[in-house]
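Enquirer: Letter by letter, the chains look like this.
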Amino acid sequence: MRGLPLAIGLLAAATPAQAHLMNSGFGPFYDGLAHPLLSPEDLLPALAVILLAGLGGARQGRCVLATLPLAWLAGMAGGWAIGLPGAPAWLIAVATAAIGALVASDVRLPLPLVVAIATALGALHGYDNGRDLAATTGALVAILGIACSLFAITSLVAGQVTVLKAPWARLAVRIGGSWIAAVGLLMFGWSMRAGL
Amino acid sequence: MTNGATKPGSSRIAALLPMLLLIWSTRAHAHILSGDAAGGFVSGFEHPISGLDHMVAMVSVGLWGAQLGAPAIWALPVTFPIVMAFGGMLGLMGVPLPGTEIGIALSAIGLGAVVATEARPPLIFAALLVGFFAIFHGHAHGTELPPDENGVLYSIGFVVATGLLHLTGIGIGLIHRWKAGEVALRLGGAGVAATGCFFLWDALT
Numbered sequence: 007m008r009g010l011p012l013a014i015g016l017l018a019a020a021t022p023a024q025a026h027l028m029n030s031g032f033g034p035f036y037d038g039l040a041h042p043l044l045s046p047e048d049l050l051p052a053l054a055v056i057l058l059a060g061l062g063g064a065r066q067g068r069c070v071l072a073t074l075p076l077a078w079l080a081g082m083a084g085g086w087a088i089g090l091p092g093a094p095a096w097l098i099a100v101a102t103a104a105i106g107a108l109v110a111s112d113v114r115l116p117l118p119l120v121v122a123i124a125t126a127l128g129a130l131h132g133y134d135n136g137r138d139l140a141a142t143t144g145a146l147v148a149i150l151g152i153a154c155s156l157f158a159i160t161s162l163v164a165g166q167v168t169v170l171k172a173p174w175a176r177l178a179v180r181i182g183g184s185w186i187a188a189v190g191l192l193m194f195g196w197s198m199r200a201g202l
Numbered sequence: 039m040t041n042g043a044t045k046p047g048s049s050r051i052a053a054l055l056p057m058l059l060l061i062w063s064t065r066a067h068a069h070i071l072s073g074d075a076a077g078g079f080v081s082g083f084e085h086p087i088s089g090l091d092h093m094v095a096m097v098s099v100g101l102w103g104a105q106l107g108a109p110a111i112w113a114l115p116v117t118f119p120i121v122m123a124f125g126g127m128l129g130l131m132g133v134p135l136p137g138t139e140i141g142i143a144l145s146a147i148g149l150g151a152v153v154a155t156e157a158r159p160p161l162i163f164a165a166l167l168v169g170f171f172a173i174f175h176g177h178a179h180g181t182e183l184p185p186d187e188n189g190v191l192y193s194i195g196f197v198v199a200t201g202l203l204h205l206t207g208i209g210i211g212l213i214h215r216w217k218a219g220e221v222a223l224r225l226g227g228a229g230v231a232a233t234g235c236f237f238l239w240d241a242l243t
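Chains as they are written, first to last, in this note's numbering: chain A, 7 to 202; chain B, 39 to 243.
Hints are computed from structural coordinates only; laboratory data are not their basis.
All figures in this text were calculated on a predicted structure; none of them were measured in a lab.
C-beta atoms are modelled at their ideal positions from N, C-alpha and C, and glycine is treated no differently.
Don't take every hint at face value.
[Claimed, not checked] A few chain A residues that face chain B, going by a derived Cβ cut-off under 8 Å, partial list only:
| # | residue |
| --- | --- |
| 1 | Ala107 |
| 2 | Trp185 |
| 3 | Ala187 |
| 4 | Val189 |
| 5 | Leu191 |
| 6 | Met193 |
Extracted from the complex, chain A is given alone in its bound form:
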């Protein structure tokens, strides 16, 4: 019986998510640039990874700055080209909760693990973005815009977090991580409820 909600949730998640690219009026590249900032379901997991890398130090921040946007870009290209259903909503929610919890607990993770988390999340989430955008005009340009936007967000946020030395400032980042984890848990419950 315990597996039942999970199975139903999987089924529900297989229905296509809506493409929700905002029309900024400046063209698809700028729509793509604006997209991560305007859709919290994309921004939150990305922020969690960025905060995690930032707390891990400058080296981890630099590595994630390279891997997260590139993995996202590769995922989007894959989603755009393949078009099969991607990661279900509950999996994204679980990933968000787990990465947020890592930020909240402030554990020191080895660099390869952080890079692997950034790559996996970027590819999974990017795939969904790319697939959703495939039907819109100028999808490839929009995809480039999203990747550029992620690069900018990563460099700004990770850069600021790596220079934090004061205990209270690190604590603020950890509280932010716990809030992201909490939203992820609620999203998981939400995806389960949507299936019932």
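Starting from the known structure of chain A, fit chain B onto it as the hints suggest.
Expert: Relative to chain A, chain B alone:
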């Protein structure tokens, strides 16, 4: 770090930017998109602050944390949102939890009582007590969620409002450093417990 000489003031302000960005981006989203999205964030944000029984219990967590000092003052606001969201998740998934309203009223009595008596149990017991109550609070929010809201924005509003209530409690609790503030906090705790008794009476009758 090559830029280790950065002025502490500017890096502190900069540290707040991601958080502000997070909050304001959802606001902007809400305004540009249709009214449904705006309703998601606002109704999520309003939910924890709309019920007095919830509100006094959340603020009490912050008050108690401030009384206990480090490490509880930061351990409670880091762990509480996660535990509460776990309760909310159970509520969303339809997992039944009996006596939610009674549990919430008892939480106000219990948290008010520990603030009034300045109880100092080991951190693990404090965390367990707060976590136990947090599940009731989260569950109540989870089951009361309106079905047609934007889930992400609702969740963000809900978590941010809860977190701000804790921070409010911690902020008020900083008066603990003065003798008069210590007494005022204990009186406040007694007031919270009394409010909890009222809600318990309400839930039982």
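Enquirer: None of the hints should be skipped; say for each whether it holds.
Expert: Evaluated hints:
1. Ala107: Constraint on Ala107/A satisfied, holds at 7 Å.
2. Trp185: 5 Å, holds
3. Ala187: 5 Å, holds
4. Val189: Interface hint status for Val189/A: holds (5 Å vs cutoff 8 Å).
5. Leu191: 4 Å, holds
6. Met193: 6 Å, holds
Checked against the numbered hints given earlier, this structure breaks none of them.
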